[in-house]
Amino acid sequence: MATKKLAFIVKSLPYKTEASRLALTHAIASQTVEIYLEDGDMVEPVLAFMGDGVLNCLKDQTAMNLYGVTSLEQHIKNSLLLDLKVMICKEDVERLGISEDALIMDAEDIGGETKASIAPFGEIMKEMDTSDHLLFF
Amino acid sequence: MATKKLAFIVKSLPYKTEASRLALTHAIASQTVEIYLEDGDMVEPVLAFMGDGVLNCLKDQTAMNLYGVTSLEQHIKNSLLLDLKVMICKEDVERLGISEDALIMDAEDIGGETKASIAPFGEIMKEMDTSDHLLFF
Amino acid sequence: MTLGVLVSDFRNMDNILSRLKADKLGVILVSNGVYHAAVKEGGKKSSILEKSPHLYVLSEDLHSRGFAESEIDTRVKSITYSDLVDLIFNEYEKIIWI
Amino acid sequence: MTLGVLVSDFRNMDNILSRLKADKLGVILVSNGVYHAAVKEGGKKSSILEKSPHLYVLSEDLHSRGFAESEIDTRVKSITYSDLVDLIFNEYEKIIWI
Amino acid sequence: MAKLTIGVFSSLVGSLSLDFAVKLSEAAIKKGHSVDFWLSGNATMLSKKGQRNFKDYSALQKPVQDLLATGKFQITACEACAEARGFHKEDTMEGCKRHSMDWYLASCFSADRVLHIGGD
Amino acid sequence: MAKLTIGVFSSLVGSLSLDFAVKLSEAAIKKGHSVDFWLSGNATMLSKKGQRNFKDYSALQKPVQDLLATGKFQITACEACAEARGFHKEDTMEGCKRHSMDWYLASCFSADRVLHIGGD
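Residue numbers (our numbering), protein chains in the order written: chain Y, 1 to 137; chain R, 138 to 274; chain V, 275 to 372; chain C, 373 to 470; chain X, 471 to 590; chain U, 591 to 710.
A portion of the hints provided could be inaccurate.
Cut-off 27 Å, straight-line C-alpha distance, at most; resulting in silico cross-link-like pairs (DSSO-like, lysine-lysine) [unchecked claim]:
hint, chain 1, residue 1, chain 2, residue 2
1, U, K645, X, K567
2, V, K298, R, K142
3, R, K142, V, K295
4, C, K416, R, K196
5, C, K393, U, K593
6, Y, K90, V, K325
7, Y, K5, U, K652
8, R, K227, V, K314
9, X, K519, U, K687
10, U, K593, X, K519
11, C, K396, U, K593
12, C, K393, Y, K5
13, C, K396, Y, K126
14, R, K252, R, K196
15, R, K222, R, K252
16, Y, K59, Y, K90
Over the 10 Å line for every Cβ pair with chain C, so calculated as not near, a few chain U residues [what the hints assert, rightly or not]:
hint, residue
17, S607
18, K645
19, E669
20, A670
21, E680
22, S690
Derived Cβ-Cβ restraints for the label pairs, each shown as a range [to be verified]:
hint, chain 1, residue 1, chain 2, residue 2, range
23, V, P327, Y, D101, 29 to 35 Å
24, Y, M64, V, M275, 37 to 43 Å
25, Y, G68, X, S580, 30 to 36 Å
26, V, T348, X, S580, 36 to 42 Å
27, V, T348, U, G640, 50 to 56 Å
28, R, E231, V, E315, 43 to 49 Å
29, X, S580, U, K687, 44 to 50 Å
30, V, T348, R, E260, 33 to 39 Å
31, R, D197, Y, T32, 46 to 52 Å
32, R, D176, X, G565, 27 to 33 Å
33, V, A342, Y, E108, 51 to 57 Å
34, V, A342, R, D246, 45 to 51 Å
35, U, D656, R, D176, 47 to 53 Å
Bear in mind the hints are in silico, worked out from the structure with no lab data behind them. The beta carbon of each residue, even a glycine, is placed where N, CA and C say it ideally should be.
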């Protein structure tokens, strides 16, 4: 019986490349990983957005209407709905002049209870410290 | 009877992506384009390296020995052998501290007569000005 | 010459854009270039906006990323794909994507 | 923790690398990261070389790009793929590629 | 009416840059222009037939077929780039041609405007 | 002896990053370690069978087959990523498996080290 923590660190901007999208879809895949593991074993994902990657977390993304692809917003909300831990780097949010109102902080509209947190980089670093493996996207 | 000038401007570093390689191979393809054109029509390519792209022009690249792929050096020499105009931005060469000795300036070892030139950016800009179309790689 | 530059990213654009000379230079923000119109890093507007009096942003790319026209710099004009076609054929002799 | 960072590019690496904290942080220059070991932009050595006393460069990637060991900063140790495997398993608990 | 040649380079499946190129083609053709579309390097992925639609990827095979149906749109993949990736003639999307790189230069020769989408 | 999981993301055919991942696998296996190799996003291109060798591209199918023959190497492509690009089961290189993304997480679970090559 073991739990391994994986940190998914998103530093890329959305859409121009697939990187941030693959971070979200792989983190969400932690929900079905048990079929490959022994009873009681678990993978615990943590999602953290840092650097320009925090721009993935803006509300009101309309990629589905305009381009027919799931928005990063939708994937972040799905992650919250599944109770994944989602952190957004405070220093980067401030540096880029983003107001908290503009950020995806919850998934209440789809019935989610878990909230994202705007966390100082030191806390994200602590999560990396206590993770078993780090995946930078 | 018309000649159209195409400027191939290389700003990307080599190897991590395919961009600079595709610039060279497409520029060299100007040698066989006549099959698609009317008699007397021509495409005149100009190759210019600017920004970090000048690092494609370093001598002694051993990508073929180590990775089994044609080096950018070989492609630049092939371009000179085929008498393509090759320009390397002087300001960028100086900024990056590259000595002229370290640059691919000719293709004498494979029988080429045309030489590359280390040109001020103003001259590269003039080539862009007189080109019909610009292709940035 | 007249030159339309499609700026497609948020980083490392300034170095190249600053060096280009044209009788008329247009800057069209597309893809992740749209952040130049909307984000003020460290409280400052993007230096890209100083490079030309002819500034455009592709509305589809702005909206997909979560921004509205009300959030962008007033110098930047929001355009559609259809407008972009007209810019390409009617306003600029040469077009590049950086 | 001990952390080995594979630096794979020449631009935009400093911002992330500077913020990472580890009891032991190693910097391994691979792919286009090798330019940090060999290029002095504006006469200055890359700031990446100040980030750690544990600096490595992958010799295959150095040589493919036209550099020899004699041209790199003396603080940087040239290693093979085989050495890299040992660094990964013996020197660092976690490995990232940026 | 004029001709636009769009060269699409490097890997764009999973990126909205490829969608950009397709939407720009649609807008140009709607205005009566014609478009040549060149796929090179990793962008030759667009020429692979049998792409399945998922919500995480834009489905571009249908819009490309609609563009071909206008008679004002040509799409050609770099043959060597495709073969290197294991995309053979029989793997190619209907209506997509394959030629060597000189095709792109010839298309540029006769184009009124060229938009070369390079980089990565 | 230990296990290394390498996750290869985004487009790497035509780039030496994919060669890097293969050469690192060879070096690890030569030292007695085992390697799991996960292909996702555009990197699923490596799983396409029938890639032709050109001097402008490194030919990785042979080294991958040699790695598989050691019995210490597994290579798996993301099934959805592959299907979205039109790479079906019958298009897949011999010895390459296809699974959903959770396979990668399970491989990370039991790995001593993970090298995730993301970005573009």
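Verification of the supplied hints:
no. : hint                        : in the structure
1   : U:K645 / X:K567             : holds (23 Å)
2   : V:K298 / R:K142             : holds (21 Å)
3   : R:K142 / V:K295             : holds (18 Å)
4   : C:K416 / R:K196             : holds (22 Å)
5   : C:K393 / U:K593             : holds (25 Å)
6   : Y:K90 / V:K325              : violated (31 Å)
7   : Y:K5 / U:K652               : violated (35 Å)
8   : R:K227 / V:K314             : violated (34 Å)
9   : X:K519 / U:K687             : holds (21 Å)
10  : U:K593 / X:K519             : violated (37 Å)
11  : C:K396 / U:K593             : holds (22 Å)
12  : C:K393 / Y:K5               : holds (18 Å)
13  : C:K396 / Y:K126             : holds (15 Å)
14  : R:K252 / R:K196             : holds (14 Å)
15  : R:K222 / R:K252             : holds (8 Å)
16  : Y:K59 / Y:K90               : holds (17 Å)
17  : S607                        : violated (6 Å)
18  : K645                        : holds (15 Å)
19  : E669                        : holds (24 Å)
20  : A670                        : holds (23 Å)
21  : E680                        : holds (32 Å)
22  : S690                        : holds (23 Å)
23  : V:P327 / Y:D101: 29 to 35 Å : holds (32 Å)
24  : Y:M64 / V:M275: 37 to 43 Å  : holds (39 Å)
25  : Y:G68 / X:S580: 30 to 36 Å  : holds (33 Å)
26  : V:T348 / X:S580: 36 to 42 Å : holds (40 Å)
27  : V:T348 / U:G640: 50 to 56 Å : holds (55 Å)
28  : R:E231 / V:E315: 43 to 49 Å : violated (29 Å)
29  : X:S580 / U:K687: 44 to 50 Å : holds (47 Å)
30  : V:T348 / R:E260: 33 to 39 Å : holds (38 Å)
31  : R:D197 / Y:T32: 46 to 52 Å  : holds (50 Å)
32  : R:D176 / X:G565: 27 to 33 Å : holds (30 Å)
33  : V:A342 / Y:E108: 51 to 57 Å : violated (22 Å)
34  : V:A342 / R:D246: 45 to 51 Å : violated (60 Å)
35  : U:D656 / R:D176: 47 to 53 Å : holds (52 Å)
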